[in-house]
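Please work from the sequences and hints to get the whole structure.
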Amino acid sequence: MSEIASFASNIFAGLEYIHLRDMIHTDVKFGNIIIADNDTLKLIDFDRATPFVEAAQNSISNSRVRGTLEYEAPELSAGKNFDLKVDSWSVGVVLAECVLQTDYLFKRKSGENQNDSYRRTLDSSWQEILGECSLIKQDAKVKDSFFLLLQSLIVLDPSARLTSKDARTSDFLSKCTHLPIDPTKVTKYDPAVEKKFVINSQKIFDEELTQ
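The sequence shown stops at residue 211 when you use UniProt numbering, and every number in between is there.
None of these hints come from the bench; they were simulated from the model.
Check before you lean on any hint, since a few could be wrong.
Said to hold, decoys possible - PhoX-like mimics (lysine-lysine), calculated; alpha carbons at most 20 Å apart, straight line:
1. Lys175 / Lys141
2. Lys29 / Lys42
3. Lys175 / Lys143
4. Lys175 / Lys165
5. Lys107 / Lys29
6. Lys165 / Lys42
7. Lys175 / Lys137
8. Lys175 / Lys29
What follows is the structure in structure tokens.
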């Protein structure tokens, strides 16, 4: 879990940097995170980055301000006004998927909209969602602090979410700073996984059209 903590610390630092400049990334996902030569992580693809003032005026018709559905915070996918905490949600999803390793956290079932998927998944405890994953079992000592961090990031009410700045001082990151880090163990982006999700989403959409 020290690798995931290092991953998280880098991303939160990058987000805090752009948030201090009144910008929101809005599309944080594995595909927009790269590992630099010195093993630090960098955020890329700022095509959808949004100034704070525009985020406060977002509407459902503003299709430019949209991230990737599976990583979008609920208020963003609903076309509501949003703030920098949409990035916190997305990082939380990425961290959870670092543990899942081969699957998406939020997967729509036939007949579900995205909010249904959020609520169905979050009705379960983090122990139920991730407790059987190998990384959690290997580092059980930091399990509770990791789950607490996820619970503070992936929360439907944006006012209850941590900012990137606050997340950097979380108990999970503090507990893992002294542990050895092997950057090769951080989950890397696999385009095939995202392609599988897109195909599944299209299938669900087609089914909805024929109903």
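Hint check:
For the suggested pair Lys175 and Lys141, the alpha carbons sit about 9 Å apart, so the restraint of at most 20 Å is met. Between Lys29 and Lys42 the alpha-carbon distance is near 12 Å, which keeps this suggested pair within the 20 Å criterion. Of the supplied pair hints, the one linking Lys175 and Lys143 holds, its CA atoms being roughly 11 Å apart against a limit of 20 Å. Between Lys175 and Lys165 the CA atoms are separated by roughly 17 Å; this keeps the pair inside 20 Å, and the hint holds.
Only pairs whose Cα atoms come within 20 Å are accepted, and Lys107 paired with Lys29 is accepted, the gap being roughly 15 Å. Under the criterion of a C-alpha separation no larger than 20 Å, the hint pairing Lys165 with Lys42 is consistent with the structure, at around 17 Å. For a cut-off of 20 Å, the pair hint linking Lys175 to Lys137 stands: about 16 Å separates their Cα positions. Taken as a hint, the Lys175 and Lys29 pair is broken in the structure, with Cα atoms around 25 Å apart against an allowance of 20 Å.
The structure is inconsistent with hint 8 alone, although it conforms to all the rest.
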